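Undergrad: Read off the chains here:
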Amino acid sequence: MLKVFKYTLIDLARNRFVLGYALLMLFVAEGLFFVEDDPSKALLSLVQVVMALVPLIALVFTIVYSYDSLEFTQLLAVQPIARRSILAGQLLALCTALLVAQGFGLGLPLIVHLPNMAALMLSFSGSGLVLVFTALGLLIALKQREKARGVGVGLTVWFLFVLVYDALLMALMFSFSDHPIEPFVVPLAALNPIDMGRILVMLQVDLAAMMGYSGAVYKDFFGSYGGIAVAAAVLLLWFVVPTLFSFRTFQRKDL
Amino acid sequence: MAEPRITFTDVGKRYGKLWALRNLNVAFHPGEVVMIIGPNGSGKTTLIKGLLGLVRPTTGSIAVNGTVIGTDPAYRQAIGYMPQISQFPAALTIGQLLDMMRDIRELDDASIDDRLITDLGLDKQLDKRLNELSGGTRQKVSAVLAFRSKPEILVMDEPTAGLDPVSASKVLGRAAEVRERGGTVLVTSHLMEEVETLADRIAYLEDGHLRFILPMSEILESTGQQRLAKALPELLVRKVATGANA
Numbered sequence: 000m001l002k003v004f005k006y007t008l009i010d011l012a013r014n015r016f017v018l019g020y021a022l023l024m025l026f027v028a029e030g031l032f033f034v035e036d037d038p039s040k041a042l043l044s045l046v047q048v049v050m051a052l053v054p055l056i057a058l059v060f061t062i063v064y065s066y067d068s069l070e071f072t073q074l075l076a077v078q079p080i081a082r083r084s085i086l087a088g089q090l091l092a093l094c095t096a097l098l099v100a101q102g103f104g105l106g107l108p109l110i111v112h113l114p115n116m117a118a119l120m121l122s123f124s125g126s127g128l129v130l131v132f133t134a135l136g137l138l139i140a141l142k143q144r145e146k147a148r149g150v151g152v153g154l155t156v157w158f159l160f161v162l163v164y165d166a167l168l169m170a171l172m173f174s175f176s177d178h179p180i181e182p183f184v185v186p187l188a189a190l191n192p193i194d195m196g197r198i199l200v201m202l203q204v205d206l207a208a209m210m211g212y213s214g215a216v217y218k219d220f221f222g223s224y225g226g227i228a229v230a231a232a233v234l235l236l237w238f239v240v241p242t243l244f245s246f247r248t249f250q251r252k253d254l
Numbered sequence: 000m001a002e003p004r005i006t007f008t009d010v011g012k013r014y015g016k017l018w019a020l021r022n023l024n025v026a027f028h029p030g031e032v033v034m035i036i037g038p039n040g041s042g043k044t045t046l047i048k049g050l051l052g053l054v055r056p057t058t059g060s061i062a063v064n065g066t067v068i069g070t071d072p073a074y075r076q077a078i079g080y081m082p083q084i085s086q087f088p089a090a091l092t093i094g095q096l097l098d099m100m101r102d103i104r105e106l107d108d109a110s111i112d113d114r115l116i117t118d119l120g121l122d123k124q125l126d127k128r129l130n131e132l133s134g135g136t137r138q139k140v141s142a143v144l145a146f147r148s149k150p151e152i153l154v155m156d157e158p159t160a161g162l163d164p165v166s167a168s169k170v171l172g173r174a175a176e177v178r179e180r181g182g183t184v185l186v187t188s189h190l191m192e193e194v195e196t197l198a199d200r201i202a203y204l205e206d207g208h209l210r211f212i213l214p215m216s217e218i219l220e221s222t223g224q225q226r227l228a229k230a231l232p233e234l235l236v237r238k239v240a241t242g243a244n245a
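Protein chains in written order, with numbering that gives the first Met the number 0: chain X, 0 to 254; chain G, 0 to 245.
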């Protein structure tokens, strides 16, 4: 597994898309900190960018890279090496490359301009989203035979998580505004890893106060270290479950 | 005759509703080169992929050296594979790719055959990135990888496609060496003229069925032809006629 990881990472280190991702994040982050006088306000804008951009890039890049390296994956699969080692090495390398790129593009500006808990939480949430959407991208690439179809499914998944899910959740909250639905808000938020990431950061910048009773429920639950641990566990689950399905699919897949 | 090195027993492979291979029963032995031929979609690639573990048979089993292949990848240590299309990680160099495969196969210096690197003129290009290589050069890299571990079983899918005649001759020469040291070589090719001098037996697949597997000499003798390209159509006509009479 480590051998596949090592050489896949060497390949990814020179990949233009990964370098472009790092530079794009750096450009966006530095730009926002430059435009806004108050770094806290820049952080809020950055949260919106990270929550939309990171899942999109992780999904699309993983899907495209997986299809483009299919022939090489076949070549690896005819070597005396278990399929699970191939997949684990490739997944680990993809996650590492994207996390390093993000650490450079997002982490560095945050350390320089706003070294506080909210920035740390944004880095943490962003990293969690990289892992989750890389795992989802890999599963999509393994399930779909055609590249165009795979990318299409990836974009649909991104659209569902970023826009449709929130719209449905808001519609639900408005429809049942007369009922005590707050206890259901936390588990519903946990169903969407992007929402989960956003809530974790928002709580650190104290915007939860503006979110009414729901905000209080979030604050009460996710505001504590225990709540953060639960949130991390949920993000981890979002990574682990698609990964397990990917291993099962790859093990049985005709290459 | 020696025990078979590779045995296909009642092997069938279905993709959706289409059977790519049906009830394949065939054995390949040490010290022979078998050329697998047939029209497009006849099941040649599926046969090869089954042996390599890239696809799993829907029915039957494949055994290598007497052991039925399953999920344990260890048997592939004995196999060298040269695919028809070679795509490698774009940003790696030839040298890095060779190192990677040596690491994965855990080869030491004594178990490596690097002669093809110099024979094919790749020794001066080891620092070149794989995405800078022409299709022919990528095919040469693919050949080096296939032969490097001194395989007992060599599988070549259209090995001469994209290679210049000199390089093709060197690759086929190495394949002959594998046979001479007791290896089993399976070759698919549409360019019969290039490979026929190497082949000991010819296996003909059609619609997923193995129509026949015969020694090369028998095919030429029975048809009175000198070349496989002429003998094969004649033989096929006879087989069809025989089948019709039966």
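Since the hints were made in silico from the structure, they are not lab data.
Fair warning: this is a prediction, and the values are worked out from it, not measured in the lab.
Heads up, some of the hints might be wrong.
[What the hints assert, rightly or not] Below 16 Å or equal to it, Euclidean Cα-Cα: the simulated EDC-like pairs (lysine to aspartate or glutamate) are:
id	chain 1	residue 1	chain 2	residue 2
1	G	K169	G	D107
2	G	K149	G	E205
3	X	K5	G	D98
4	X	K5	G	D102
5	X	K252	X	D165
6	G	K127	G	D98
7	G	K229	G	E217
8	X	K5	G	E105
9	G	K238	G	E205
[To be verified] If we take Cβ atoms under 10 Å as the criterion, some of the chain X residues that face chain G in the derived model are:
id	residue
10	D37
11	K40
12	L75
13	P186
The C-beta atom is built at its ideal place from N, Cα and C for all residues, glycine as well.
Undergrad: Regarding the pair G/K127 and G/D98, is the alpha-carbon distance no greater than 16 Å?
TA: 14 Å, holds
Undergrad: Take the shortest C-beta to C-beta distance between X/D37 and chain G; is it under 10 Å?
TA: Since the shortest Cβ distance to chain G is 41 Å, the answer is violated.
Undergrad: Do the alpha carbons of X/K5 and G/D102 lie within 16 Å of each other, as the hint requires?
TA: It holds: about 11 Å lies between the C-alpha atoms, which stays within 16 Å.
Undergrad: Is the interface hint satisfied for X/L75? The criterion is a beta-carbon contact with chain G at less than 10 Å.
TA: Since the shortest Cβ distance to chain G is 7 Å, the answer is holds.
Undergrad: Any CB of chain G closer than 10 Å to the CB of X/P186?
TA: 38 Å, violated
Undergrad: Should the interface hint for X/K40 be scored as holding, given a Cβ-Cβ cut-off of 10 Å against chain G?
TA: Violated: closest Cβ of chain G sits about 39 Å from X/K40, beyond 10 Å.
Undergrad: Holds or violated: X/K252 with X/D165, Cα cutoff 16 Å?
TA: Between X/K252 and X/D165 the Cα gap is close to 35 Å, so the pair fails against 16 Å, i.e. violated.
Undergrad: With a cut-off of 16 Å on the C-alpha distance, tell me whether X/K5 and G/E105 pass.
TA: The given pair, whose Cα atoms are some 15 Å apart, holds under the 16 Å limit.
Undergrad: Can you confirm whether the C-alpha distance between G/K238 and G/E205 stays at or below 16 Å?
TA: The given pair, whose Cα atoms are some 13 Å apart, holds under the 16 Å limit.
Undergrad: Given the proposed pairing of G/K229 with G/E217, does the C-alpha separation stay at or below 16 Å?
TA: 14 Å, holds
Undergrad: Against the 16 Å threshold, does the CA-CA distance of G/K169 and G/D107 hold or violate the hint?
TA: Violated. G/K169 to G/D107 sits at ~24 Å, over the 16 Å cutoff.
Undergrad: Between the alpha carbons of X/K5 and G/D98, is the straight-line distance 16 Å or under?
TA: Since the Cα atoms of X/K5 and G/D98 sit roughly 11 Å apart, the hinted pair holds (cutoff 16 Å).
The structure fails hints 1, 2, 5, 10, 11, 13 (numbered hints given earlier, in ascending order).
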